[in-house]
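There are 2 protein chains.
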Amino acid sequence: MYTYIHDEIVPAEKAFLHVRDLSIQRGYGVFDFLKTQDGYPLFLIDYLTRFYNSADIMHMSVPRRPEEVISIIHQLIKKNNLADSGIKMILTGGYSEDGYQPGKPNLIITQHPLTLPSEDQIRKGVKIITHDHVRDLPAVKTINYSTGIWLIDKIKESNAYDVLYHQKSIVSEFPRCNFFIVKKDNTVVTPADYVLYGITRKNVLTLAAHKHKVEEGIITIEDIYNAKEAFLTSTTKRIVPIVQINNTYINDGEPGTVTFSLLRDLMALEAKEIAHQKSSYN
Amino acid sequence: MYTYIHDEIVPAEKAFLHVRDLSIQRGYGVFDFLKTQDGYPLFLIDYLTRFYNSADIMHMSVPRRPEEVISIIHQLIKKNNLADSGIKMILTGGYSEDGYQPGKPNLIITQHPLTLPSEDQIRKGVKIITHDHVRDLPAVKTINYSTGIWLIDKIKESNAYDVLYHQKSIVSEFPRCNFFIVKKDNTVVTPADYVLYGITRKNVLTLAAHKHKVEEGIITIEDIYNAKEAFLTSTTKRIVPIVQINNTYINDGEPGTVTFSLLRDLMALEAKEIAHQKSSYN
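From first to last, the protein sequence lines stand for chains A and B. So the first sequence is numbered by our numbering: it starts at 1 and just counts up by one. So the second sequence is numbered by our numbering: it starts at 283 and just counts up by one.
Mixed in with the good hints, there may be bad ones.
Stated by the list, open to error - Cross-link-like lysine-lysine pairs, in silico, BS3-like; alpha carbons within 30 Å at most:
hint	chain 1	residue 1	chain 2	residue 2
1	B	361	A	14
2	A	202	A	213
3	A	127	A	211
4	B	296	A	79
5	B	361	A	154
Said to hold, decoys possible - One side of the interface only, derived from the structure: several residues of chain B facing chain A at Cβ under 10 Å:
hint	residue
6	298
7	310
8	311
9	339
10	375
11	380
12	432
13	491
Rather than coming from a laboratory, the hints here were simulated on the basis of the structure. Please read all numbers here as calculations on a predicted model, not as lab measurements. Ideal placement from N, C-alpha and C gives every residue a C-beta, glycine not left out.
Turn these sequences into a full structure, and let the hints steer you where they fit.
What follows is the structure in structure tokens.
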């Protein structure tokens with residue numbers, strides 16, 4: 001496998017940062033993550049736009065123009081020869097003189113095999129737990145996952161799949177996924193605030209609007225207990241049905257038809273995007 | 283200069299981590315920072331205890347016993363030959379297989395020259411600004427300084443020295459310092475909650491108690507406006523008088539006598555600790 005770092009593509013095992021880097025010193029950096037299918041990157045412009053926007057908000061400048069990053073990503077896809085993969089762009093605070101002031105940002109682009117949810121998890125749905133927390137600067141995809149990683153043990157102990165953040169019972173997001181419910185009247189709702197605006201979240205909202213009423217609004221834990229269906233979305237996981245929150249089953253404890261229908265629509269959208277890229281390249 | 287990393291002491295310019303490290307991937311790590319004077323580490327056991335405690339809370343294990351870390355620090359002090367310096371211990375989440383699950387933690391120990399506050403800043407006092415924020419897991423010295431570093435530009439634009447965090451006007455701490463006020467009746471007060479429990483904070487509380495009433499309690503921004511004196515404490519900065527908060531001068535806008543008296547007492551305590559170490563080593 002190959003990685004882009006320090007302005008060149010090198011074997012992945014040679015991708016190092018000096019410990020003066022502000023990611024190591026102070027956890028300062030942003031990133032983004034997209035996937036490839038059949039060797040083509042999905043919704044690349046959406047992810048790139050968010051990546052540059054995150055950098056901008058954190059007062060960092062990506063040292064390469066978007067066209068150059070696109071070219072690097074295509075070179076990595078060719079060299080690494082992984083059909084289905086995850087591609088991660090990280091922009092760190094750079095080599096700091098005093099361990100606090102940012103330096104010239106370091107841009108790293110890596111590619112990896114994907115770990116997808118299992119068929120069983122999609123077919124049966126998953127359990128989630130809740131935790132009172134709001135991320136710093138939630139609309140920015142910073143590298144700060146202290147609380148998320150700190151909660152890994154609690155998730156395991158609870159036999160849960162993931163942890164949903166809330167503030168005084170108003171829910172927001174998972175560490176790495178967005179959250180949706182389907183109300184009894186089939187309205188599809190996702191939290192409007194204190195979330196990272198996921199690309200899959202955006203695509204699901206668009207797809208759902210073809211068939212249902214959709215809302216970006218407020219969801220309380222009580223609303224989840226009263227929901228017909230619930231699911232999470234992410235780039236890697238697409239859509240995973242949620243059937244239990246803490247010790248309470250949602251509705252009958254089975255994944256719902258709206259959830260599965262949206263998953264089919266999302267996979268069709270991805271296939272359409274790949275087909276479009278294939279025809280453009282040929 | 284030399285750095286301890288990957289179980290050995292190497293020239294500082296050769297201290298690298300692979301980009302799979304969870305500090306780079308997810309900002310996951312803890313650290314601690316102490317200083318040396320005349321070649322002796324000050325209050326080393328206090329800092330070590332906090333470092334191991336931070337690691338423990340974050341579900342990480344320091345790969346070396348405290349006695350071994352003490353020995354490494356003394357080796358670094360000898361090799362680097364810096365009389366007055368800062369020593370930083372960083373423990374990262376380690377090399378992660380999937381960019382999220384922690385690996386075996388990486389321990390890094392570095393030594394640097396110190397940047398102290400200027401004589402002018404101590405003599406005249408400094409201006410601070412305020413920002414509504416609370417750190418994640420504030421009692422733990424994690425490497426997450428996203429908000430602090432994000433605020434560097436705002437501090438500069440305001441011609442301020444530092445930024446004091448508050449939640450709905452109840453103040454807590456600076457990104458890297460603790461906060462104190464001296465009330466009109468000479469009571470010395472520092473916030474009890476949502477703070478990192480600084481070693482200098484602890485020493486100042488002890489010293490102040492010899493001469494004044496001391497309190498760990500709640501301080502509001504209004505309380506600061508009504509204070510007689512205010513100051514910040516940190517390992518590097520010791521005690522720096524604060525004479526202005528946002529656009530309001532505190533009392534007469536001059537540093538106060540209690541502040542300076544505590545600074546003299548703190549420097550005497552440091553000198554006593556160094557003298558004690560010198561006599562123990564000889």
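Violations among the numbered hints: Of the numbered hints, 5 and 13 do not hold.
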